[in-house]
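Protein chains: 2
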Amino acid sequence: MNLDYIKPNEWSIIEEGFNADHVEASESIFSIGNGAMGQRANFEEHYSGKTFQGSYIAGVYYPDKTRVGWWKNGYPEYFAKVLNAPSWIGIDVNINGEQLDLLSCAKVENFKRELNMKEGWLSRSFKATLQNGNEVLITTKRFLSLDIDEVGAIEYSIKPLNENAQLVITPYIDAGITNEDSNWDDQFWNISNLTVENNQAFIEAQTMKTDFHTCTFMQSECLVEGQNVGLQPQTVKTDNKISFIYKISINKEETFTINKYGGYTVDRNHDKNGLVAAAKSALDNSVSTGFSALLDAQKQAWAKIWEMADITIDGDIKAQQGIRFNIFHLNQTYLGTDAKLNIGPKGFTGEKYGGSTYWDTEAYCIPFYMATKDQSVARNLLTYRYKHLDKAIENAEKLGFTNGAALYPMVTMNGEECHNEWEITFEEIHRNGAIAFAIFNYHRYTGDYSYIQEMGLEVLIGIARFWHQRATFSTDKDKYVILGVTGPNEYENNINNNWYTNYIAKWCIDYALENIDKIEAEFATDYTRIMNKVRLSKSEVAEWKKVADNMFFPYSEKHNVYLQQDGFLDKELITVADLDQTQRPINQHWSWDRILRSPYIKQADTLQGFYFFEDHFTTKELERHFDFYEPFTVHESSLSPCVHSIQAAKLDRMEQAYTFYLRTSRLDLDDYNHEVHEGLHITSMAGTWMSIVEGFGGMRVVNGKLSFEPKIPGQWEGYSFKVNFRHQILKVNIGKDKTDFELEGDKELDILVNSLPLTIKPNSLVTV
Amino acid sequence: MNLDYIKPNEWSIIEEGFNADHVEASESIFSIGNGAMGQRANFEEHYSGKTFQGSYIAGVYYPDKTRVGWWKNGYPEYFAKVLNAPSWIGIDVNINGEQLDLLSCAKVENFKRELNMKEGWLSRSFKATLQNGNEVLITTKRFLSLDIDEVGAIEYSIKPLNENAQLVITPYIDAGITNEDSNWDDQFWNISNLTVENNQAFIEAQTMKTDFHTCTFMQSECLVEGQNVGLQPQTVKTDNKISFIYKISINKEETFTINKYGGYTVDRNHDKNGLVAAAKSALDNSVSTGFSALLDAQKQAWAKIWEMADITIDGDIKAQQGIRFNIFHLNQTYLGTDAKLNIGPKGFTGEKYGGSTYWDTEAYCIPFYMATKDQSVARNLLTYRYKHLDKAIENAEKLGFTNGAALYPMVTMNGEECHNEWEITFEEIHRNGAIAFAIFNYHRYTGDYSYIQEMGLEVLIGIARFWHQRATFSTDKDKYVILGVTGPNEYENNINNNWYTNYIAKWCIDYALENIDKIEAEFATDYTRIMNKVRLSKSEVAEWKKVADNMFFPYSEKHNVYLQQDGFLDKELITVADLDQTQRPINQHWSWDRILRSPYIKQADTLQGFYFFEDHFTTKELERHFDFYEPFTVHESSLSPCVHSIQAAKLDRMEQAYTFYLRTSRLDLDDYNHEVHEGLHITSMAGTWMSIVEGFGGMRVVNGKLSFEPKIPGQWEGYSFKVNFRHQILKVNIGKDKTDFELEGDKELDILVNSLPLTIKPNSLVTV
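So the protein lines, in turn, are chains A and B. Mapping of the first sequence onto numbering that gives the first Met the number 0: position 562 corresponds to residue 561, and the numbering continues sequentially without gaps. Mapping of the second sequence onto numbering that gives the first Met the number 0: position 299 corresponds to residue 298, and the numbering continues sequentially without gaps.
Computed list of lysine-lysine pairs in DSSO-like fashion (alpha-carbon distance at most 30 angstroms, straight line):
#1 B:K240 - B:K351
#2 B:K49 - A:K71
#3 A:K557 - B:K545
#4 B:K517 - B:K372
#5 A:K544 - A:K397
#6 B:K64 - A:K208
#7 B:K557 - A:K545
#8 B:K476 - A:K476
#9 B:K478 - A:K478
Restraint-style ranges between C-beta atoms, simulated for each label pair:
#10 B:P630 - A:Q186: 49 to 57 angstroms
#11 A:D579 - B:D447: 43 to 51 angstroms
#12 A:E571 - B:K735: 56 to 64 angstroms
#13 A:D475 - B:K619: 19 to 27 angstroms
#14 B:S754 - A:E571: 44 to 52 angstroms
#15 A:F616 - B:K476: 26 to 34 angstroms
#16 B:K476 - A:T524: 57 to 65 angstroms
Derived from the structure by calculation, the hints contain no laboratory data. A virtual CB, placed ideally from N, CA and C, is assigned to each residue, including glycine.
Kindly generate the complete structure, drawing on both the sequences and the hints.
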């Protein structure tokens with residue numbers, strides 16, 4: 000059973016009524032972030048129930064010692080892990096001697112939590128009856144500023160309803176933090192200094208081993224009925240925590256408010272000796288601006304994001320809420336301004352998966368960021384991989400590859416591999432293909448060749464070298480084969496000739512060759528620089544070509560489809576529809592061997608290839624493969640429904656496309672996979688965006704032009720999206736019977752609609 | 000490079016000269032055991048160098064919490080582990096204020112260590128020059144009594160050579176013990192009582208969780224020039240250790256000797272409240288018998304073992320030493336008297352592998368114990384599996400099997416699975432076949448059907464049910480296939496249609512069916528009892544038969560061989576001879592994916608099937624398969640060379656057979672696999688025995704008769720062995736040109752020699 004407690008609303012995520020069983024799920028769903036930091040929606044006041052506390056700072060990770068049962072040569076000794084950071088949100092509340100704690104209250108009424116996506120803030124309100132009989136109304140609002148991204152602000156109000164109240168309010172910062180998923184119960188933080196000055200508190204802490212320097216800070220001010228009462232706190236310091244204790248008497252029906260400002264300064268942005276000074280300046284700036292002006296700026300900043308990124312859906316409020324939830328969290332996670340950062344699968348909402356960068360970035364996220372931001376954002380994501388090329392070459396060397404062959408890690412923070420299941424780490428090598436594909440995709444969409452010329456070609460050469468060495472020649476088949484891999488469908492391990500892997504391997508070599516030729520012909524200086532560096536000979540290139548030209552692809556004449564891998568047809572081909580539904584999800588019910596020998600597919604695998612290389616195949620071919628594989632697909636990866644939604648739409652199966660769309664867009668809101676308490680599936684959210692724009696909207700780039708094949712699910716009245724295409728913004732508004740195109744830009748844009756050319760003039764509306 | 004420091008000797012293992020780099024290897028090689036307990040050859044006196052301390056009690060294990068990186072459904076939460084036990088051998092020696100420690104001596108001369116296999120004792124002697132200038136001669140002798148198997152004895156002598164000496168001698172027992180391989184640094188022992196009474200010391204300790212109760216004990220007596228001097232010790236007790244401190248002045252050239260008796264009583268043999276009393280009685284008995292009489296009894300007990308189990312080899316001292324080393328350690332590990340015990344791959348010589356029972360027992364050890372002991376020993380080993388049948392059914396249920404299907408664990412102490420690599424635990428299911436094969440083999444050799452009738456049929460039915468459910472029907476092949484397995488060659492994982500697994504699966508079903516019919520026809524009461532228990536219907540049996548009759552076996556027409564698995568021919572078929580030798584052993588040089596996609600075979604796989612089911616195939620077929628697979632075999636499993644030696648001998652390739660023989664027999668003595676410091680390869684030692692008796696001797700059982708095809712390696716003058724066949728003992732003495740048979744028994748024995756019948760009369764010699 001999926002969860003179903005989130006109230007449908009166009010712009011907000013709303014929970015009503017307090018349910019302790021939903022706390023951890025809501026902590027994930029209501030998470031807030033500003034690209035530089037993020038936090039789960041933990042309560043400010045003490046909570047004694049089940050909770051997963053989490054605050055995270057972008058780019059601050061920890062090399063945890065690997066824990067595996069049985070070591071294999073090539074495993075990383077350490078791997079980088081998303082790190083739980085010191086917390087600055089805490090405000091303990093004591094009312095007439097009793098600590099406010101939602102779990103131990105005599106009664107909680109009118110509990111409401113709202114994540115306002117339009118304006119970028121999180122609020123809570125409730126009436127609590129304490130064990131001592133005191134009734135209080137609590138209202139809180141919290142946000143992480145997009146403008147001053149080192150700072151967040153909290154407005155926390157308490158109104159005694161039935162008695163005057165002696166309040167003790169204790170805002171604090173706490174660096175006594177561990178990770179839920181640490182391997183060896185090691186401490187991750189060294190705390191070096193706790194400082195208090197002018198009612199500002201600072202904790203300087205460094206990560207062990209990685210030596211990231213951080214300063215966590217706070218400052219508060221107290222108001223009664225909206226007037227600052229200049230209350231002075233008593234300060235308490237322990238080894239890892241600073242608390243300010245404010246005491247005040249409040250009359251019944253009066254409102255006490257504490258405004259708390261807090262956040263982090265980090266040595267990615269400041270000199271490590273200047274972190275406290277930077278924190279002071281951030282605090283001074285925030286406090287003098289004040290909560291309400293900061294909040295106004297927040298609304299404006301989010302309005303700017305929405306102006307470009309919003310998708311509207313008419314007539315289907317759950318679908319509308321879903322897509323905005325996805326777009327909102329993507330923007331909370333990554334804004335694209337720093338090439339050292341990337342998009343973790345759980346963003347700032349949890350620890351699981353222990354690294355920030357997966358092939359998800361290249362396969363799913365780049366299209367979203369290309370179309371909803373300036374193209375420099377996608378370029379930053381590509382640059383990130385270029386900067387890790389040396390590490391990818393080292394990684395391949397650990398596995399016995401030579402001569403500059405590069406294998407990008409499955410999971411990474413800093414370029415090093417962060418994962419150690421042999422069937423994934425060593426064998427899920429198709430990830431290398433997605434990295435090359437993203438380069439192609441970026442160039443196809445933006446038309447910007449400079450990345451390839453400056454950086455990308457080296458990446459492509461490293462990847463091509465890997466595939467050339469990884470393929471082996473089968474005398475039996477008189478073809479090159481790729482043995483022992485795990486494809487995108489991780490429910491198959493150590494298989495031979497995974498069609499997707501073989502296909503993308505061949506494509507990578509061909510694409511590298513094409514770009515070597517192009518750069519030789521058009522950019523002689525770059526060519527010389529790169530060739531001096533990579534020392535690529537004509538004979539090596541000829542060997543690559545032999546592999547690409549003679550790659551083996553498993554095929555079934557009987558079914559007229561490419562086979563996901565050698566031997567796929569030996570399986571008992573019982574479709575998911577005929578599978579005992581009590582056994583689902585199979586990854587929670589079956590032992591691994593049973594999953595592996597079953598025909599069930601976790602996520603698009605052969606179909607992922609048809610998605611990437613759509614124009615290599617006819618629609619008839621797509622249809623045959625979709626009809627063959629989708630019935631065996633259990634979609635137990637968050638990355639699965641979006642691709643299927645796009646393909647179903649292309650095949651005019653709008654009901655199916657819509658079902659997949661709902662599944663991808665409300666995966667976390669409705670907790671389809673029973674794991675939302677661990678955090679959100681951030682990277683698959685970009686897939687949701689694709690399933691509208693590429694799926695229903697049918698957007699592609701064809702010969703440098705945008706192309707659309709607009710369709711609309713029967714449940715919708717209309718929908719609209721915008722794309723930033725080569726520095727012009729095209730708004731697309733699709734109704735039941737017509738589509739409007741509107742261009743913000745300064746020159747005409749030639750597009751294709753249902754394969755027919757159409758020219759859109761700047762700042763005019765065209766209806767088709 | 001193999002090690003080469005053990006002196007060739009017919010009956011002893013000898014090390015000369017002290018080399019700290021050899022200490023851990025020698026601790027393994029010189030290990031002693033008596034079936035009930037065992038210990039690595041750690042020094043009695045303190046040693047500050049690298050050492051791996053190990054004392055083990057048969058049947059005393061610990062359920063350590065599993066540690067894996069990435070959990071999979073079906074993994075055991077806990078697994079039983081060979082447990083390091085309290086130590087009783089320690090004797091600290093202080094000479095004129097300086098502690099004797101071989102690593103810190105100024106000089107060590109004439110160091111000699113000897114493991115006398117004929118008589119079953121371990122000795123050391125050396126002259127040490129201490130930092131303080133004192134020269135002393137140390138001689139020690141130690142053994143674990145076969146007669147009183149709870150007790151061991153040490154004679155430790157010190158002779159000051161250049162000065163009178165003030166000696167402080169401190170024998171102790173120590174329960175402050177951990178495992179080298181513990182997963183979570185947990186303590187495994189609860190120490191309940193430390194008692195000293197009449198110069199006897201007792202530590203009662205229980206294992207946590209498993210609650211095995213043990214008492215470790217000691218008593219010592221001091222002699223000068225062989226005369227008991229009645230020295231009284233001072234007692235020191237800590238939380239987990241009892242020490243007796245003896246102080247005495249010794250003149251230069253006088254010999255001081257301490258005789259120490261120690262050992263364990265355990266609640267497998269005594270009431271748990273009577274362990275101290277049992278220990279007292281064992282000590283009283285030993286001390287009153289005295290070291291020298293105990294040693295005499297030890298010699299006699301070993302003489303009795305050798306009388307039956309010895310193999311002599313003339314003209315090749317290294318081969319002779321090798322085979323005796325193997326036979327000696329097998330008998331130190333397991334004497335077959337207790338059906339609760341089994342044969343750990345490392346015996347009492349190390350911790351690695353964490354369990355006592357592997358398919359090694361059925362595949363390799365049973366033939367040795369059948370032929371060199373009474374048949375009740377082999378029957379005990381079969382009974383052990385019968386007692387674990389319910390757990391094997393539970394284990395299969397965890398993996399989704401139903402209806403009494405049994406999957407025996409890969410590794411176990413108590414019937415529960417002890418291993419958690421998915422490719423082994425869930426997929427190396429051929430182990431089930433070896434358990435059925437051992438039942439067949441026992442019946443074939445002994446003629447005793449009672450085990451099958453009383454217990455074995457239930458085991459066979461559980462196993463047949465497993466194979467029936469585990470096979471799946473491939474409509475593509477119109478055959479039953481077995482997908483996703485690991486065969487005996489663990490350098491392939493998750494493969495389809497491993498020929499060995501498919502073959503033994505079919506055989507298991509056929510053999511179960513044959514025995515169901517036989518028991519129905521001949522043992523009606525047993526049949527009814529068993530059928531009432533297992534509820535086997537005719538229709539289920541018919542389903543089994545369909546699987547067995549339609550099993551798929553991968554075959555290459557081109558090479559005219561069965562293929563080890565689907566797709567084997569896609570590999571780059573470069574033989575081991577053409578492999579870069581710096582890359583060997585590949586398991587220490589290559590990452591796992593590279594090993595998996597290579598053609599290299601860890602141990603006999605297809606050929607293991609040809610070994611088990613030799614009479615299903617012609618010699619020509621064997622030859623073709625041997626010629627195809629052996630060149631790809633790296634023999635990186637200790638279980639590999641023996642099978643190849645037997646098959647090479649059968650194919651008249653005596654040089655190759657001899658090379659394999661040396662490798663199996665001196666695997667640990669010469670440390671072929673660079674891991675002897677972790678312990679010895681006990682179970683493969685039974686394979687060494689097979690390579691002489693079945694390989695060179697060509698012994699088989701054909702239609703209930705022993706059959707021989709005697710051959711002899713060119714390096715040997717002659718060799719002899721004895722086998723206990725159906726309660727008569729046949730001695731076989733094979734020379735360059737003739738073979739002598741001599742029967743100890745009371746009735747004629749019909750045998751076959753080179754396929755010709757021969758009748759041996761009791762107590763007479765027949766030469767062929």
